[in-house]
Amino acid sequence: MSDPAQPDLSVRVGSLALHNPLFAASGCYGYGLEYADVADRDELGGFVTKSLSLEPWKGNAPPRLAEVSPGLLNSIGLANMGVESFAREVAPQVTGGRAKLIVSVACNVMEEYEQVIVRLEEVPGIDGYELNISCPNVEEGGMAFSRNPAVTEELVARVRKRTRRWISAKLTPNVASIVEGAQAAEAGGADALSLINTIVGMAVDWKTRRPRLATITGGYSGPPIKPVALAKVWEGYNAVNIPIVGIGGIANWKDVVEFLIAGASAVQIGTALYADPALPGKIAADLRRFMEVEGVASLSELTGSLDTGHGVTVGVPA
Amino acid sequence: MKHLEDAVVTRNRQIRPGIWSMWLRAPAVCAESRPGQFVHVRVGRDFHPLLRRPLSIGRVHEDELELVWRIVGRGTELMAEATEGDAVNLLGPLGRPFTIDTDAEGRILIAGGLGLPPLVYLLESFRERWKKASLLLGVRGRDDIPLAEDDPLLREVEVVAERGDGYRRGIVTDPAAEWLTRREHDGGLENVALYACGPWGLVRALQGLIPANRLRRAEVSLEQQMGCASGVCQGCAVEVEDGDTPYRLVCTDGPVFPLHAVHAPALV
Numbered sequence: 001m002s003d004p005a006q007p008d009l010s011v012r013v014g015s016l017a018l019h020n021p022l023f024a025a026s027g028c029y030g031y032g033l034e035y036a037d038v039a040d041r042d043e044l045g046g047f048v049t050k051s052l053s054l055e056p057w058k059g060n061a062p063p064r065l066a067e068v069s070p071g072l073l074n075s076i077g078l079a080n081m082g083v084e085s086f087a088r089e090v091a092p093q094v095t096g097g098r099a100k101l102i103v104s105v106a107c108n109v110m111e112e113y114e115q116v117i118v119r120l121e122e123v124p125g126i127d128g129y130e131l132n133i134s135c136p137n138v139e140e141g142g143m144a145f146s147r148n149p150a151v152t153e154e155l156v157a158r159v160r161k162r163t164r165r166w167i168s169a170k171l172t173p174n175v176a177s178i179v180e181g182a183q184a185a186e187a188g189g190a191d192a193l194s195l196i197n198t199i200v201g202m203a204v205d206w207k208t209r210r211p212r213l214a215t216i217t218g219g220y221s222g223p224p225i226k227p228v229a230l231a232k233v234w235e236g237y238n239a240v241n242i243p244i245v246g247i248g249g250i251a252n253w254k255d256v257v258e259f260l261i262a263g264a265s266a267v268q269i270g271t272a273l274y275a276d277p278a279l280p281g282k283i284a285a286d287l288r289r290f291m292e293v294e295g296v297a298s299l300s301e302l303t304g305s306l307d308t309g310h311g312v313t314v315g316v317p318a
Numbered sequence: 001m002k003h004l005e006d007a008v009v010t011r012n013r014q015i016r017p018g019i020w021s022m023w024l025r026a027p028a029v030c031a032e033s034r035p036g037q038f039v040h041v042r043v044g045r046d047f048h049p050l051l052r053r054p055l056s057i058g059r060v061h062e063d064e065l066e067l068v069w070r071i072v073g074r075g076t077e078l079m080a081e082a083t084e085g086d087a088v089n090l091l092g093p094l095g096r097p098f099t100i101d102t103d104a105e106g107r108i109l110i111a112g113g114l115g116l117p118p119l120v121y122l123l124e125s126f127r128e129r130w131k132k133a134s135l136l137l138g139v140r141g142r143d144d145i146p147l148a149e150d151d152p153l154l155r156e157v158e159v160v161a162e163r164g165d166g167y168r169r170g171i172v173t174d175p176a177a178e179w180l181t182r183r184e185h186d187g188g189l190e191n192v193a194l195y196a197c198g199p200w201g202l203v204r205a206l207q208g209l210i211p212a213n214r215l216r217r218a219e220v221s222l223e224q225q226m227g228c229a230s231g232v233c234q235g236c237a238v239e240v241e242d243g244d245t246p247y248r249l250v251c252t253d254g255p256v257f258p259l260h261a262v263h264a265p266a267l268v
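Residue numbers (this note's numbering), protein chains in the order written: chain Y, 1 to 318; chain G, 1 to 268.
Source of the hints: derived by calculation from the structure; they are not laboratory data.
A hint or two may mislead.
[Unchecked claim] Derived Cβ-Cβ restraints for the label pairs, each shown as a range:
id, chain 1, residue 1, chain 2, residue 2, range
1, G, 164, Y, 216, 33 to 43 Å
2, Y, 209, G, 83, 52 to 62 Å
3, G, 132, Y, 98, 38 to 48 Å
4, Y, 55, G, 17, 46 to 56 Å
[Claimed, not checked] Covered by chain G, according to a simulated footprint, are these stretches of chain Y (three or more residues, beta-carbon under 8 Å):
id, segment
5, 72-78
6, 162-173
7, 266-277
[What the hints assert, rightly or not] Quick look at which bits of chain G chain Y covers, simulated, 3 or more residues with Cβ under 8 Å:
id, segment
8, 1-10
9, 13-24
10, 92-103
11, 196-208
Backbone N, C-alpha and C define an ideal beta-carbon position, used for all residues, glycine too.
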């Protein structure tokens with residue numbers, strides 16, 4: 001319960017009510033148990049699981065990581081335990097807390113998204129789903145879904161028919177404009193958009209002339225991608241009427257506030273959690289101080305409050 | 001269980017050109033640490049460098065532990081800049097330790113270069129219980145020995161250097177092969193436990209030297225690019241022949257694996 005003397009950090013993302021605007025991003029918080037020794041899950045407003053597929057996936061060949069500091073390239077390939085193990089063994093341990101449980105789903109074909117959702121519908125305590133249709137590191141599906149607005153709409157619509165739970169579509173930034181995909185997800189019935197997934201990138205070892213990832217290219221994340229993510233959140237905010245969850249390079253409270261101003265209703269902390277799994281609690285404390293000092297009554301009032309200098313915020317960079 | 005602990009630097013010095021040894025007071029990590037485990041070190045206070053650095057736990061003396069590293073970039077440079085009294089945030093102890101095999105009768109520890117620290121830790125833990133284990137170290141030259149010249153432990157290590165440098169000239173598998181041959185004629189190999197840590201070249205050489213299943217136990221500690229060190233990011237996969245998946249994570253399934261289950265990558 002929130003202390004009445006403390007600023008209230010709660011926000012809503014459509015039908016989803018969060019006690020603070022901080023999610024842990026998919027792939028950066030495991031299934032919710034891995035950091036339990038060192039960080040309190042309930043310091044998060046919610047957490048998004050590692051993406052689950054119908055069957056367990058082994059992931060890509062190593063090396064899967066290349067630090068390009070202060071960013072990170074990864075090519076994990078959605079290695080995961082599969083929906084069944086999660087539903088049976090993990091879910092009962094991570095439901096019921098203050099932190100909302102959002103299960104990320106990633107499959108090769110549309111039918112499997114439906115099958116995974118159908119299985120998860122049997123599991124009590126799940127607060128929503130994030131459809132990962134934007135992974136740059138798998139051969140089939142992945143980013144290709146998000147790059148095709150017609151496919152995005154159909155996929156979201158098919159999942160929508162299977163659940164009344166909250167759905168967010170996680171879109172790729174690796175497109176000329178995020179607008180079409182955002183509108184397609186909205187048309188399909190998504191409750192929210194998660195912007196953005198990783199940016200396709202590459203690292204080369206000049207000495208050996210080899211790529212530093214086995215798959216040659218991978219997904220770039222971490223603080224350097226923040227400006228790209230902010231631009232996509234802003235584009236998305238101006239293109240749809242559903243709320244946006246901002247993701248990309250968030251590592252401190254100022255980053256969070258900036259994403260809210262650019263149009264996000266909540267945010268996800270990703271790669272920075274590898275450096276500091278206890279970061280969300282610290283950011284939440286900093287956000288309370290920010291609200292006190294700046295006299296902000298509710299974080300929601302920040303969403304989309306970007307002052308563009310000419311009143312109406314419709315100017316989206318081409 | 002693992003801890004996030006602000007450890008305090010009690011000593012930090014260069015022990016060889018570019019190689020550093022740091023002692024840290026870390027009561028929570030030390031209380032639960034076992035030989036073969038590692039810590040994930042936050043080298044700075046901000047996010048540049050972004051990731052922590054995974055380092056094997058070297059010697060543990062009461063509530064202090066030793067880390068040894070070579071400067072290879074900004075992160076390891078920052079660690080070298082830490083001075084007595086500085087706080088360094090550790091995540092640990094992490095990973096599966098070496099198996100302390102109480103029934104083994106012969107113990108051989110084989111290190112390549114900076115693979116030495118976890119084996120020194122293992123040697124010291126053996127010394128508490130048993131009289132003897134052999135620790136072999138292979139290096140290019142004297143400057144690559146990850147122990148200070150004045151470290152009394154150096155006398156307990158059989159050093160082999162490719163350049164000689166006053167030590168036996170050769171590679172570490174030379175004395176390892178001799179040790180195993182002697183042992184085969186004197187007591188047999190069935191009760192021998194072998195522990196190794198070093199570069200992939202050493203792993204491959206040992207796999208070639210020792211047929212699978214000849215020894216009672218053969219374990220190797222591996223290194224890999226690491227993100228979270230907690231099984232979250234799935235980034236530190238290595239190929240290990242073990243069960244239903246071709247990959248295992250160095251951070252949580254390892255870093256210690258059965259020597260013969262590990263597949264060394266083609267390009268190293």
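Against the structure, the hints come out as follows:
| no. | hint | verdict |
| --- | --- | --- |
| 1 | G:164 / Y:216: 33 to 43 Å | 41 Å, holds |
| 2 | Y:209 / G:83: 52 to 62 Å | 39 Å, violated |
| 3 | G:132 / Y:98: 38 to 48 Å | 55 Å, violated |
| 4 | Y:55 / G:17: 46 to 56 Å | 51 Å, holds |
| 5 | 72-78 | holds (count 3) |
| 6 | 162-173 | violated (count 0) |
| 7 | 266-277 | holds (count 7) |
| 8 | 1-10 | holds (count 4) |
| 9 | 13-24 | violated (count 0) |
| 10 | 92-103 | violated (count 0) |
| 11 | 196-208 | violated (count 0) |
In summary, the numbered hints that this structure violates are 2, 3, 6, 9, 10, 11.
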